[in-house]
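Residue numbers (this note's numbering), protein chains in the order written: chain V, 1 to 332; chain C, 1 to 332; chain P, 1 to 332.
In case anyone wonders, no lab produced these hints; they're calculated from the structure. On a predicted model such as this, the values are computed, not experimentally measured, just so you know. No residue lacks a Cβ here, since even glycine has one placed at the ideal position from N, Cα and C. Don't take each hint at face value.
[What the hints assert, rightly or not] Computed Cβ-Cβ distance ranges for the label pairs, DEER-style:
id, chain 1, residue 1, chain 2, residue 2, range
1, P, Asp259, C, Asp235, 47 to 55 Å
2, C, Gly29, V, Gln34, 47 to 55 Å
3, V, Ser116, C, Pro89, 20 to 28 Å
4, V, Gly88, P, Lys133, 37 to 45 Å
5, P, Asn234, V, Gly213, 58 to 66 Å
[To be verified] No farther apart than 30 Å at their CA atoms in a straight line, the calculated lysine-lysine pairs in the DSSO-like style are these:
id, chain 1, residue 1, chain 2, residue 2
6, P, Lys3, P, Lys133
7, C, Lys332, V, Lys30
8, P, Lys255, P, Lys220
9, C, Lys30, P, Lys220
10, C, Lys133, C, Lys3
11, C, Lys30, P, Lys332
12, P, Lys39, C, Lys332
13, V, Lys39, P, Lys39
14, P, Lys332, C, Lys28
15, P, Lys39, C, Lys39
16, V, Lys133, V, Lys30
17, V, Lys30, C, Lys39
18, V, Lys167, V, Lys30
19, V, Lys133, V, Lys3
20, C, Lys30, P, Lys133
21, V, Lys39, P, Lys167
22, C, Lys39, V, Lys332
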Amino acid sequence: MSKRDFLSTADLTRSELDDLLDLATRAKGKRPGQVLAGKTLGLLFFQPSLRTRVSFEVAMVQLGGHCINLSSNDLYELEPQEQAVMDGPAEEHVKDAARTLSRYVDALGIRSAARSGTWEHDRQELLLRSYAKYASVPVINLETSFEHPCQALADVMTMRENLVSLKGRKLTLLWCNHPEPKSLGPTHSILQVAARMGMNVTLAHPLGFEVDGEVLERSKTLAGDAGGSLQVSNDMASACRGSEVLYARSWGCTKYWDDAEREAMVKRSLQSWRVDEQLMASTNNALLMHPLPVRRNVAATDAVLDGPRSVIYEQAANRTHVQKALLMQLLK
Amino acid sequence: MSKRDFLSTADLTRSELDDLLDLATRAKGKRPGQVLAGKTLGLLFFQPSLRTRVSFEVAMVQLGGHCINLSSNDLYELEPQEQAVMDGPAEEHVKDAARTLSRYVDALGIRSAARSGTWEHDRQELLLRSYAKYASVPVINLETSFEHPCQALADVMTMRENLVSLKGRKLTLLWCNHPEPKSLGPTHSILQVAARMGMNVTLAHPLGFEVDGEVLERSKTLAGDAGGSLQVSNDMASACRGSEVLYARSWGCTKYWDDAEREAMVKRSLQSWRVDEQLMASTNNALLMHPLPVRRNVAATDAVLDGPRSVIYEQAANRTHVQKALLMQLLK
Amino acid sequence: MSKRDFLSTADLTRSELDDLLDLATRAKGKRPGQVLAGKTLGLLFFQPSLRTRVSFEVAMVQLGGHCINLSSNDLYELEPQEQAVMDGPAEEHVKDAARTLSRYVDALGIRSAARSGTWEHDRQELLLRSYAKYASVPVINLETSFEHPCQALADVMTMRENLVSLKGRKLTLLWCNHPEPKSLGPTHSILQVAARMGMNVTLAHPLGFEVDGEVLERSKTLAGDAGGSLQVSNDMASACRGSEVLYARSWGCTKYWDDAEREAMVKRSLQSWRVDEQLMASTNNALLMHPLPVRRNVAATDAVLDGPRSVIYEQAANRTHVQKALLMQLLK
């Protein structure tokens, strides 16, 4: 039997997704016991992490398993290119690291969301896909520039808890300002999952902050197939009007992906892309979501982040529960 | 019921302190079993650590629990200021980190002892207090510039083991030389605990190395209330004469807190503030204590650190035992 | 009873070595259970590590124990010199770190393979030997510039699995090219173990890449005593002809140990020291071994590393099994 990876929300069928969310809900209510006793999950972080790191480690511990954590500080540089003549700085090929680690651990999680070239380069998730190709154990995407499927699972679990049914509900995915260029991972993942849930999604962002074209087209198809819709807006106010879920997050400009200074310059005129009480008041009593970390009073004000409709900590808490369900499914 | 933090030795009443030390002594004699099975302690280190890190992890493991370790290498910068407009380098607010982590772990330990401004700034323990304010789980001080209460618990346990009763015993807290500017945390914490134990404390340091004024006044009151005394001396020789416990450690100059070069210049003439055999001979067969790490042959000579009256490793070993007792009390 | 260290393959008698390999083989076939429950192993890495770190942590976890991992990122600088006046950058003496850690953990592993001076300096393994001297718990060498005994145990286990008996078998230890100067640890360790197994060893390297003279002499004696032989060759082709095991790895030039640029210059003319299919074809259907990480298409081609005679991942996997056996013997 072949191994099963979780690199993208697309790796789960709709019914598998529903099963996973049901399992997560049961795991939240009652600890499932030591079902992963003796199992180890290797986590490789090539960027800092708080939620992903801690929520996975807690999930494994509560299931009786163990995490082995490696960060880029513990490791040398790794080479993802096939057939490379390795006379540069990379000390080991991903092929060898993946095959070796597969002999030690039962699953591998990889975070690799750094900008390392053009968007055309980074959208290929070269490092993650290379690990998945060569590892003989399941590989989990802990965030790339292109997808962050574990976050989307927690997001959709949080929406289900609060709205009960998601079909036909109005979700606004809202770009907001941020001093740094950010990954498109969380945006792409929640966009595709929400589409598959049949939500009526409005993707709102300033001109120049378009998401990946293929992801957008695929999401439109998924939404249509599920009885929902997807529209793009460049007008924040109209995009939020009547919204039932306002999901805020910044993401980077794919056109200037390798030019952070130019992106920063463009963003100087976009400081109004920030969620505040006035914007919230225009919605249909929307839930406020954000995957964290959030730049307070830049992306959204303290008043709305700490307000009665904010479910940002529920999203974070649900990371543990969906990941428990995921680990049980991948490692059972 | 509200959560209980351990930020300062003042967070324990005298009878709670005695109970904790009794529990630590029992835990040292006999392993208490898996009383914290399924519990996780998150440790955040913003400075290097050997004793604190390993003694806490061993304590949790021996009680059946688990530590999740994050260091500043794994994390981005965090913002402690209320209502900050987060357009600078800090990627997340402490408020959000603390609230998120509270959903994952059962207690949090924070080490944040870096110099980040004037003494008036650092004595407020802004980062630690911010975590304590926003976390819904117990927060433990793993050392700030102002207090290191876990070290003081181990120190007082070590003195009790060696002297049996502490009331009226003569303790000299002796400043000693060091090439680097150091935190006042261990000094402030042992000073206050020793005062509460009714010891006769002499705080000895060169002019210019006064401890925090409020801490000194509070300690005098505590000593008086407990039937002990506290006096300050700037004369090393007379301060050590007849001492039953000589507790050596360097600490920084609060007046030049943000000017390490000036402190270093002042210390050039203070090389005689070093514990050697001659000084030890002037005491009443004193125990030699130091919280480690120690600069050998600068703060104290090899002969006395490795001598028959040195209990420096007992202090270190007792960290595990007092912390086991603390964790049992906070997490039970 | 005195503690037992594992600093060198020489720390095991031949019969202890055989016992350990037998135990490792049994541990590979069947998990030995929670025989190290409640035990902790402290791992200190002063250089990056993938295999050693993960294979030790997995070994401890599968035996019911726990690893506490410290890297140079978590720690300050440590002083190994006796009687040092510690007014420099080192914050703590190895003596104090080792004695403190001995009170917390049941065994210590140390990796310290950085170049820090001349070969005469680094061959003394000062940091490792200082830990071993002062720790009261077993100390394990996780690789120095001089030895890497855990790797050699895995190597000899892998050879035994594939060749059944080793006595009289022809092993070629082949230097190969590498853009960086490398440790001699793995080479020294497998050289001595293979000699003790009575193999007929050919050590092949370009002029200037002689291994340590004492190690070479000792290995010749060991080989002779065990009914084998050891010869040195500077001709790659003849050294590999008829070989039954081709063990490839780069190592540094001891003469220019503190001059990386000069070593790099010398190596520019040594690019033909690379294992390829033509070289493999000249052997007696040799196993291809390499301790990893390997510079693909510099030290050896993809074709041979991924070819049918490569056992590089078996070597890596066996790290866990020999280390389980080692930990059981040291900690039982």
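Verification of the hints:
Between P:Asp259 and C:Asp235, the C-beta spacing of about 53 Å keeps the proposed range 47 to 55 Å intact. At roughly 30 Å, the beta-carbon separation of C:Gly29 and V:Gln34 lies outside the given 47 to 55 Å, and the hint is violated. Distance hint check: the CB atoms of V:Ser116 and C:Pro89 are about 21 Å apart, consistent with the given range 20 to 28 Å. Range check, V:Gly88 to P:Lys133: about 40 Å between beta-carbon atoms, so the 37 to 45 Å window is met.
The hint said 58 to 66 Å for the Cβ distance between P:Asn234 and V:Gly213, and at roughly 59 Å that hint holds. Proximity of P:Lys3 to P:Lys133 is assessed by CA-CA distance (about 11 Å); at most 30 Å being required, the pair is judged to hold. Of the supplied pair hints, the one linking C:Lys332 and V:Lys30 holds, its CA atoms being roughly 20 Å apart against a limit of 30 Å. Restraint check for P:Lys255 and P:Lys220: the C-alpha separation of about 22 Å stays at or below 30 Å, so the hint holds.
Among the hinted pairs, C:Lys30 with P:Lys220 is inconsistent with the structure: their alpha-carbon atoms are about 52 Å apart, more than 30 Å. The straight-line distance between the Cα atoms of C:Lys133 and C:Lys3 is roughly 11 Å, inside the 30 Å bound, and the hint therefore holds. Annotation: proposed proximity of C:Lys30 to P:Lys332 holds, straight-line Cα distance about 20 Å (limit 30 Å). In summary, the hint linking P:Lys39 to C:Lys332 is supported, as the alpha carbons are separated by about 24 Å, within the 30 Å threshold.
Taking the CA atoms of V:Lys39 and P:Lys39, the gap is near 19 Å; set against the 30 Å cutoff, the hint holds. Using a Cα cut-off of 30 Å, the hinted pair P:Lys332 and C:Lys28 holds, with the two alpha carbons roughly 22 Å apart. Restraint check for P:Lys39 and C:Lys39: satisfied, since their Cα atoms lie roughly 19 Å apart, inside the 30 Å limit. Of the supplied pair hints, the one linking V:Lys133 and V:Lys30 is violated, its CA atoms being roughly 35 Å apart against a limit of 30 Å.
At most 30 Å may separate the alpha-carbon atoms for a hinted pair to count; V:Lys30 and C:Lys39 meet this at roughly 15 Å. The suggested pairing of V:Lys167 with V:Lys30 holds, with an alpha-carbon distance near 28 Å, which does not exceed 30 Å. Of the pairs offered as hints, the one joining V:Lys133 and V:Lys3 holds, with about 11 Å between alpha carbons and a cut-off of 30 Å not exceeded. Our distance criterion of 30 Å between C-alpha atoms is met by C:Lys30 and P:Lys133, whose separation comes to about 29 Å.
Taking the CA atoms of V:Lys39 and P:Lys167, the gap is about 38 Å. The hint is violated against a cut of 30 Å. A C-alpha spacing of about 24 Å is found between C:Lys39 and V:Lys332, which places the hinted pair at or below 30 Å, so the restraint holds.
When the structure is compared with the earlier hints, violations turn up for hints 2, 9, 16, 21 and for no others.
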